[in-house]
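In the order they appear, the protein sequences are chains U and R. Once you know that position 200 of the first sequence is 922 in the working numbering, the rest is easy, because the numbers rise by one and skip nothing. Once you know that position 1 of the second sequence is 2 in the working numbering, the rest is easy, because the numbers rise by one and skip nothing.
Among the hints, a few may not be true.
Which chain U residues face chain R? A few, computed with CB under 10 Å, are given here [what the hints assert, rightly or not]:
{"no.": "1", "residue": "R771"}
{"no.": "2", "residue": "T791"}
{"no.": "3", "residue": "Q828"}
{"no.": "4", "residue": "P832"}
{"no.": "5", "residue": "D837"}
{"no.": "6", "residue": "K841"}
{"no.": "7", "residue": "T1001"}
{"no.": "8", "residue": "R1061"}
{"no.": "9", "residue": "E1062"}
{"no.": "10", "residue": "H1065"}
{"no.": "11", "residue": "L1070"}
To list a few chain R residues with every Cβ distance to chain U over 12 Å, as calculated [as the list claims (entries may be wrong)]:
{"no.": "12", "residue": "P26"}
{"no.": "13", "residue": "L31"}
{"no.": "14", "residue": "D32"}
The set of hints was computed from the structure by calculation and includes no laboratory data. The beta-carbon is built from N, C-alpha and C at its ideal position, and this holds for glycine as well.
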Amino acid sequence: MSDISQPTAHPPVTDWVNDFDHTDPQWTEDPFPIWDEMRAVSPVVHTDRFLGCYMPTTYEAVREIAHDTEHFSSRRIIVRNVRPEIARNAAPPITSDPPEHKPAKQLLLPPFTPDAMKKLEPRMRAICNELIDGFIADGKVDAAARYSKYIPVQAIAHMLGIPESDSDLFINWIHMILELGIKDESKLLQAVQEMSAYFTAHIEARKDTPTDDLISYLMNARNKDGQPLEDSHVLGSLRLLLIAGIDTTWSAIGSSLWHLARTPVDRERLIAEPELMPTAVEELLRAYSPVTMAREVVKETTISGCPVKTGNMVLLSFPAANRDPKMFPDADKVVIDRRENRHAAFGLGIHRCVGSNLARMEMQVALEEWLKRIPDFRLDPAGTVTWSQGTVRGPRQLPFLLGKAM
Amino acid sequence: MTERLRIHVDPDKCQGHARCKALAPELFELDEYGNAHEAGDGAVPPGLEDKAWLAKSNCPEIAIEVIEE
C-alpha cells in the first residue's frame, strides 16, 4: 500500500524536450509553442518527472499508441506524481484493456448514439437559454463560470437521473480528481470516496424504485454471461460518466467561445451561415482539443523509431496530435470551414470517447443558442482569462463584455 | 463516361466516431452501438459522389473505402 503522498513541488521547466511537465504554468497558459518545439526534435520525448513518462508529439505516434493495446495499457489513464494501486472496476471501460474492454464499452454505447442525443437536444436548448437569461441583462459575464460549466453538468445529471441542482457538488469532485489530485493524492481519494457514497445511495434507492434513467439502465444491464453487473462495475461506470462528461465539454465550449470572442470574422460568418456550425465545431475541437489521456507501457516496443520502455507512463496528447502540421495544413490556424479533418479530439481506436455524440450536440447547441442571443461579445480587458491545469484544458475564468463595442 | 462509386466501411476499423453519418447521412447507417456501415449495397447514387469522398476524408480511423467502378 502506497503512502498518501504530499503535494510535491514541481521545479519550473527549462528544457521542454528532456524534462517536460504538463502541469507547468507555461504549458497551462500556452502549450502550442511547447508542442511545436518538442515535435521539431523528436516524435517521442521523455521526462523523468512523474516517475518516468513519454509523450508522443506527432499525430502518427499518437495514432500508433492509441491503436496498440498490447504494449500500452489503459489501467492508468492519468499521469500523476504517484502511481496509485490499480483498483478493479476503477472506471470501465476507459480503464479496461482487451478482452474486458469490449463488453464494458458495448454496455455504454446505446444510450449515446446520435439518435439518442437528438432526443436530448430540446432540453439542452432550454438549459442554454435559462443560463443566458441569468446574465444577459448584466452586459458582462464570466462565461466559464456561468455558462459553459453548467451545460454538460446539467446534461449528464439529466441523463443519469440525478438532481441538476447537485451540479456544484459534481464540479468540485472533478476539480479534486483531475486538477488537485495530480499532485495531492489525498484530494483524489477524498473525492472518489464522496462520489462513490453519493452514487451508492442512488443505486440503493433504485433497487426499491427503478427509474427511467442511465443509473437504472446500468443496473438492469446484463454481462455476456447474462448476469447483472457487480455494484462496483455500475459504480465505476457512473464515476466515469460524471468525470468524463463534465469538464471536458465545459472546456470545449469555453475554448470555442474564447476563440469567437477574439475572432469577430468567424462569429459573423457563423451567424450568416448557420449550416457551417457542424464543420466549425469539428475545427474548434481540433484546434482546442481539451482532453489528454495516458497509457502505461506494459511491454517494451518502438514508436515512430523511438524505443519505449516498461514502467513509464505515456502522456497521450490528442491536442498535440491535432496541431501536427504534417497531418493538418495550417495546423496552428482555426479554419472554420476546414473540409478534411481527421482530428483525434475524441481519441482513436477502441477507447474512442463514448460521449462524443453528446459532446458534439452540446457544443453545437451551446454555440448556436449563444450566438442567437449574443451575436456580439469580446474579452473584458478588466478581467483575466485562466486555464485549467493538467489532463483537461479549457478556460476556467472567461470574462466577457456583451454587446457591441462602443 | 461517368464513373460509379461504391463505398465500404471496414467494421474492424470503425470505432463509431459517426463523422460519416453526419456528413453523408444518405450513404451510411449506424447500428445500435453507433458503429457505421454503408447503406444498402454501398452504391453511391449519382450526385452524392462528393459526400462519399468527404466522409472518407474525415474518418479518423481510415475505415471507409471509396471504390471507383
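Do the hints match the structure? See the list:
1. R771: violated, 30 Å
2. T791: Constraint on T791 (chain U) not satisfied, violated at 13 Å.
3. Q828: At 6 Å from the nearest chain R Cβ, Q828 (chain U) passes the 10 Å test, so the hint holds.
4. P832: holds, 5 Å
5. D837: D837 (chain U) check passes; min Cβ-Cβ to chain R is 8 Å, inside 10 Å.
6. K841: Given a least distance of 14 Å, the restraint on K841 (chain U) is violated.
7. T1001: holds, 9 Å
8. R1061: Result: holds, 7 Å to nearest chain R Cβ.
9. E1062: Where the cut-off is 10 Å and the nearest Cβ of chain R is about 4 Å from E1062 (chain U), the hint holds.
10. H1065: With a closest approach of 7 Å, the H1065 (chain U) hint holds.
11. L1070: At about 6 Å, which falls below the 10 Å cut-off, the nearest Cβ of chain R leaves the hint on L1070 (chain U) intact, so it holds.
12. P26: violated, 10 Å
13. L31: Violated, since 6 Å does not exceed 12 Å.
14. D32: With a cut-off of 12 Å, D32 (chain R) comes too close to chain U, as the shortest Cβ separation is near 9 Å.
The structure shown violates the earlier hints numbered 1, 2, 6, 12, 13, 14.
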